[in-house]
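These protein sequences, in sequence, are chains L and E. Letter by letter, the first sequence follows residues 61 to 301 of the working numbering. Letter by letter, the second sequence follows residues 25 to 414 of the working numbering.
One or more of the hints may lead you astray.
Ranges between beta-carbon positions, derived for each pair [what the hints assert, rightly or not]:
(1) E/Met149 <-> L/Asn283: 46 to 54 Å
(2) E/Gly214 <-> L/Ala250: 42 to 50 Å
(3) L/Asn69 <-> E/Trp163: 49 to 57 Å
(4) E/Leu311 <-> L/Arg98: 23 to 31 Å
(5) L/Gly203 <-> E/Val174: 47 to 55 Å
(6) L/Ala112 <-> E/Phe177: 54 to 62 Å
(7) L/Tyr216 <-> E/Thr366: 20 to 28 Å
A few chain E residues that don't get close to chain L, going by computed Cβ distances all over 12 Å [as the list claims (entries may be wrong)]:
(8) Gly69
(9) Tyr75
(10) Thr111
(11) Val174
(12) Ile226
(13) Val260
(14) Ala275
(15) Thr278
(16) Trp305
(17) Gly317
Quick caveat, the hints were computed from the structure, so don't treat them as lab data. All figures in this text were calculated on a predicted structure; none of them were measured in a lab. By construction, the Cβ of each residue, glycine as well, lies at the ideal position given by its N, Cα and C atoms.
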Amino acid sequence: MADIVQKENLLVRMQEDIRRALEKPEGERRWGMVIDTRKCVGCHACTLSCVAENKLPPGVVYRPVLDQEIGTYPNVTRRFMPRPCMQCEEPPCVPVCPVNATYKRPDGIVAIDYEQCIGCRYCITACPYSARTFDVGYTYTEGTPEQEVYELLPNYEYGVEHARVPGSEESPIGNARKCHFCLHRLEQGALPMCVTTCIGVANYFGDLNDPDSLVAEMAAQPNAVVLKEELGTKPKVFYLV
Amino acid sequence: MTTLATPMPGNEVKSPNWVQWVAWALTIVCLAAGAYGLYLRFTEGHAAASYGSYVPWGLWIAAYVALIGASAGAFGFAAVIFTMRKTEYYGLARLAMLVAFGAFAAGMMNVWLDLGHPFRFWKLMLQTSWTSIMGWMSWFYVIYGLILVVGLFLTRKGVIPKFMERFSWVAFLFAIAFAGAEGALFGVVGARALWESGLTPILFLVEAALFGVGLVAAGALIFGGMNPKAARMLGVVMLILLGVLLLLEWAEYTTALYASVPAKSSAVMTILTGPFWWVFWGLHLGLGVVLPGLLLLFGRGNVLLTGIAGALIAAMGLATKLNLVLPALAQEELEGLAHAFTGPGLTFSYFPSTMEWLVWLGTLGLGGLIVLIGYRLFSLSTPTRSSASK
Ligand code: SF4
Ligand code: SF4
Numbered sequence: 061m062a063d064i065v066q067k068e069n070l071l072v073r074m075q076e077d078i079r080r081a082l083e084k085p086e087g088e089r090r091w092g093m094v095i096d097t098r099k100c101v102g103c104h105a106c107t108l109s110c111v112a113e114n115k116l117p118p119g120v121v122y123r124p125v126l127d128q129e130i131g132t133y134p135n136v137t138r139r140f141m142p143r144p145c146m147q148c149e150e151p152p153c154v155p156v157c158p159v160n161a162t163y164k165r166p167d168g169i170v171a172i173d174y175e176q177c178i179g180c181r182y183c184i185t186a187c188p189y190s191a192r193t194f195d196v197g198y199t200y201t202e203g204t205p206e207q208e209v210y211e212l213l214p215n216y217e218y219g220v221e222h223a224r225v226p227g228s229e230e231s232p233i234g235n236a237r238k239c240h241f242c243l244h245r246l247e248q249g250a251l252p253m254c255v256t257t258c259i260g261v262a263n264y265f266g267d268l269n270d271p272d273s274l275v276a277e278m279a280a281q282p283n284a285v286v287l288k289e290e291l292g293t294k295p296k297v298f299y300l301v
Numbered sequence: 025m026t027t028l029a030t031p032m033p034g035n036e037v038k039s040p041n042w043v044q045w046v047a048w049a050l051t052i053v054c055l056a057a058g059a060y061g062l063y064l065r066f067t068e069g070h071a072a073a074s075y076g077s078y079v080p081w082g083l084w085i086a087a088y089v090a091l092i093g094a095s096a097g098a099f100g101f102a103a104v105i106f107t108m109r110k111t112e113y114y115g116l117a118r119l120a121m122l123v124a125f126g127a128f129a130a131g132m133m134n135v136w137l138d139l140g141h142p143f144r145f146w147k148l149m150l151q152t153s154w155t156s157i158m159g160w161m162s163w164f165y166v167i168y169g170l171i172l173v174v175g176l177f178l179t180r181k182g183v184i185p186k187f188m189e190r191f192s193w194v195a196f197l198f199a200i201a202f203a204g205a206e207g208a209l210f211g212v213v214g215a216r217a218l219w220e221s222g223l224t225p226i227l228f229l230v231e232a233a234l235f236g237v238g239l240v241a242a243g244a245l246i247f248g249g250m251n252p253k254a255a256r257m258l259g260v261v262m263l264i265l266l267g268v269l270l271l272l273e274w275a276e277y278t279t280a281l282y283a284s285v286p287a288k289s290s291a292v293m294t295i296l297t298g299p300f301w302w303v304f305w306g307l308h309l310g311l312g313v314v315l316p317g318l319l320l321l322f323g324r325g326n327v328l329l330t331g332i333a334g335a336l337i338a339a340m341g342l343a344t345k346l347n348l349v350l351p352a353l354a355q356e357e358l359e360g361l362a363h364a365f366t367g368p369g370l371t372f373s374y375f376p377s378t379m380e381w382l383v384w385l386g387t388l389g390l391g392g393l394i395v396l397i398g399y400r401l402f403s404l405s406t407p408t409r410s411s412a413s414k
């Protein structure tokens with residue numbers, strides 16, 4: 061592993077892994093992520109790059125970084141744990157959706173059809189990782205002397221243009237929202253924004269079905285764990301501890 | 025006031041009395057508050073509400089489950105009366121159907137306004153996902169609403185058709201399935217330790233029956249549709265249900281506390297000792313269980329006390345459901361989440377906003393209006409009898 065880290069440009073390798081995966085039929089890919097908590101310094105760059113990429117309004121967050129304290133004073137350490145959607149293999153958020161707006165794609169990503177979602181928020185209650193948030197309709201600069209134009213720019217989640225119309229209930233306002241591994245970038249062969257941005261390359265991303273991919277290699281490390289394993293949700297986000 | 029205690033064979037009632045005027049006044053106040061709340065809801069959207077991402081459901085969902093439960097309970101009560109051919113309570117059973125409809129409409133209004141996209145509600149019926157209890161519930165609501173309307177219409181002249189008596193047991197089973205499924209809506213959510221319990225649907229059933237009968241007793245007080253015999257019967261039913269409710273709650277809370285699995289025990293501790301401890305101890309236990317229990321015990325057969333006890337039980341149903349919905353959601357699912365990223369709605373504390381209270385009042389006003397108008401529309405003041413007794 062030390063070799064990998066020192067000799068290769070990991071981002072380039074992951075990019076290559078993605079290119080290979082995209083050549084396969086969608087159902088044969090299994091997108092996954094490994095987060096190395098030992099490399100994460102808690103800078104929150106991934107959180108903010110995600111906010112910028114997906115034009116997330118106040119109150120909506122896809123990838124917060126949890127700051128956890130271990131031990132009692134004076135013997136304490138800190139651990140940072142970024143928490144994207146786990147893209148569960150057995151996602152509890154899917155069967156509860158009363159209108160099939162939340163579904164698992166053949167490549168394993170759990171997606172939301174914004175136009176189908178009625179905003180009941182049942183899925184938010186069902187997610188054991190609090191990975192879903194509710195878009196209430198805020199903008200950052202509403203009510204200030206000038207509503208900033210960038211806030212009203214459309215986002216392109218799921219490869220669809222979604223304009224933001226404050227004061228309306230036009231999707232994604234009124235919807236449940238969550239991380240989708242930057243599907244719109246992925247389908248163009250680009251890494252999720254958080255992976256690209258991470259200053260310490262603490263994230264590995266790719267096709268877990270490809271044994272040659274970096275992410276599969278990392279997920280197979282003996283120190284790779286998933287959150288709340290006992291629930292049987294089979295997350296596709298692993299943590300190296 | 026004399027009308028309240030007058031024995032009424034056949035359940036004929038005298039109206040209006042002063043209690044009805046108070047009911048009208050309260051209804052109008054609630055509707056006025058609701059109109060302003062509705063204005064805020066549609067001009068400011070969900071931004072004017074306190075629920076958000078970490079506590080995604082609030083007052084409205086608690087009110088919705090309380091009202092729908094009470095509705096199913098009142099409906100089930102009517103179905104039992106018809107099934108058992110208890111003709112002396114037929115008037116009460118008709119009133120039960122009417123309050124069931126009022127509570128149902130108010131509950132539906134709460135949940136409809138809670139939707140992020142209220143005008144997409146039709147998808148629930150036309151694009152239903154059958155893996156979701158909520159999907160099933162939406163169809164149950166359609167069927168239930170239809171049954172109530174048809175039932176009220178068919179009995180509008182005070183004559184209960186024979187087939188209604190014969191098939192009311194089906195309606196009773198439906199009420200059980202309906203109220204139980206409402207509980208399953210929460211019971212199947214594995215992510216929330218407080219909800220995920222086989223007891224949840226049973227608890228919902230008992231609460232539904234209790235709040236429903238309470239609502240009927242309160243309605244009977246308002247419309248003068250209760251004689252001492254009916255009061256005694258309602259009182260006994262409520263006392264039994266109160267006892268069962270306490271037993272179930274005791275079982276649920278003590279097992280959670282003794283098992284000490286933090287996800288569940290911390291939710292129970294939030295209920296018992298959290299910032300809103302008074303909702304459990306004061307509103308639920310004090311005003312919703314102990315006080316009505318005492319009124320019923322010491323005022324057996326007393327129309328006024330039975331009606332007041334019923335009203336307290338039904339009103340405090342909201343506190344019971346608030347304790348179900350909120351503490352379960354107010355638990356950090358992953359340590360550090362509360363402070364990881366801040367913003368509106370990214371908090372684990374919740375107290376309803378003014379808009380939420382106003383809209384909620386409005387929905388109660390709507391339910392009240394339906395009952396008050398329906399009382400006249402369906403001639404509930406006329407004596408009720410079975411068509412078999414023609
Ligand atoms: S982490 Fe939550 S939102 Fe993501 S797939 Fe799993 S249950 Fe669904
Ligand atoms: S909020 Fe939307 S995605 Fe979530 S359960 Fe409701 S309809 Fe489905």
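Checked hints:
no. : hint                              : result
1   : E/Met149 <-> L/Asn283: 46 to 54 Å : 49 Å, holds
2   : E/Gly214 <-> L/Ala250: 42 to 50 Å : 35 Å, violated
3   : L/Asn69 <-> E/Trp163: 49 to 57 Å  : 55 Å, holds
4   : E/Leu311 <-> L/Arg98: 23 to 31 Å  : 54 Å, violated
5   : L/Gly203 <-> E/Val174: 47 to 55 Å : 50 Å, holds
6   : L/Ala112 <-> E/Phe177: 54 to 62 Å : 58 Å, holds
7   : L/Tyr216 <-> E/Thr366: 20 to 28 Å : 26 Å, holds
8   : Gly69                             : 5 Å, violated
9   : Tyr75                             : 8 Å, violated
10  : Thr111                            : 41 Å, holds
11  : Val174                            : 26 Å, holds
12  : Ile226                            : 20 Å, holds
13  : Val260                            : 37 Å, holds
14  : Ala275                            : 24 Å, holds
15  : Thr278                            : 24 Å, holds
16  : Trp305                            : 26 Å, holds
17  : Gly317                            : 32 Å, holds
Checked against the numbered hints given earlier, this structure breaks hints 2, 4, 8 and 9; the rest are met.
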